[in-house]
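Engineer: Here is how the chains run, residue by residue.
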Amino acid sequence: KQEVTQIPAALSVPEGENLVLNCSFTDSAIYNLQWFRQDPGKGLTSLLLIQSSQREQTSGRLNASLDKSSGRSTLYIAASQPGDSATYLCAVIQGLADSWGKLQFGAGTQVVVTP
Amino acid sequence: SAVISQKPSRDICQRGTSLTIQCQVDSQVTMMFWYRQQPGQSLTLIATANQGSEATYESGFVIDKFPISRPNLTFSTLTVSNMSPEDSSIYLCSVESRGAMLQYFGPGTRLTVL
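Top to bottom, those sequences are chains L and A.
Under this note's numbering, the first residue of the first sequence is numbered 1, with each subsequent residue one higher.
Under this note's numbering, the first residue of the second sequence is numbered 1001, with each subsequent residue one higher.
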């Protein structure tokens, strides 16, 4: 059974510092991995999607890496801003026919960026 | 991308009653999913809403408790039946873009059961 773990559970940094969020998964037979952002009272916003054959994806200040063999992904957020304060979730989709589209989530990392 | 709306956005219900949550998408999608997020927890998949056939439930979730309808490719409902305080959660629907790649989520329905 796939287990997705995110460390740390919470993180507080001053504005301008870089953020490093970690995600690990126990079963490396994934189809893809997706990073989401969740704001209080709102749904989830997709940030980055990494296919199992890819090593990283970048979007603006965000960079996500994937090491499938070791079961790890890291989300880097450069030059953090107070608007980056949110809970960040990683989720995987298994590479099995009956797992099509089914996301398995980690517990999330709650980030606070102080001005 | 897909724009998803959910109704209601929040509700407070009495024990033993039922609530139906609606999910509307602005475009036709193949796959729709319902997730639950209990307080302080991450998201757990409840079921896949299949158009024209019965929903597919994950382990620990049953149709009698969470009946789901999917009458067309843009709409689905989730009913939380015979509610107890343990059902207090945020319920979210999601849809997948083509090829089960990016997924988009609705804003969620925050349910409190007294």
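Rather than coming from a laboratory, the hints here were simulated on the basis of the structure.
One or more hints might be untrue.
[Claimed, not checked] No farther apart than 30 Å at their CA atoms in a straight line, the calculated lysine-lysine pairs in the BS3-like style are these:
1. L:K68 <-> L:K1
2. L:K1 <-> A:K1007
3. L:K68 <-> A:K1065
4. L:K42 <-> A:K1065
5. A:K1065 <-> A:K1007
[As the list claims (entries may be wrong)] Which residues of chain A face chain L? A partial, calculated answer using Cβ under 8 Å:
6. D1026
7. Y1104
8. F1105
9. L1111
10. V1113
Treat the numbers as computed from the prediction; the structure is a model and nothing was measured.
Ideal Cβ positions, reconstructed from N, Cα and C, are used throughout, including at glycine.
Engineer: If a hint holds in the structure, say so; if it doesn't, say that too.
Structural biologist: The hints, checked one at a time:
For the suggested pair L:K68 and L:K1, the alpha carbons sit about 16 Å apart, so the restraint of at most 30 Å is met. Restraint check: the Cα-Cα separation between L:K1 and A:K1007 comes to about 33 Å, which exceeds 30 Å; the hinted pair is violated. Restraint check for L:K68 and A:K1065: not satisfied, since their Cα atoms lie roughly 37 Å apart, outside the 30 Å limit. Taking the CA atoms of L:K42 and A:K1065, the gap is about 25 Å. The hint holds against a cut of 30 Å.
Between A:K1065 and A:K1007 the CA atoms are separated by roughly 19 Å; this keeps the pair inside 30 Å, and the hint holds. Taking 8 Å as the C-beta cut-off, the interface hint given for A:D1026 is violated, the closest approach to chain L being about 14 Å. With its C-beta approaching chain L no nearer than about 7 Å, A:Y1104 sits inside the 8 Å limit, and its interface hint holds. With its C-beta approaching chain L no nearer than about 4 Å, A:F1105 sits inside the 8 Å limit, and its interface hint holds.
The beta carbon of A:L1111 comes no nearer than 14 Å to any beta carbon in chain L, farther than 8 Å, and the hint placing it at the interface is violated. With its C-beta approaching chain L no nearer than about 19 Å, A:V1113 sits outside the 8 Å limit, and its interface hint is violated.
The structure shown violates the earlier hints numbered 2, 3, 6, 9 and 10.
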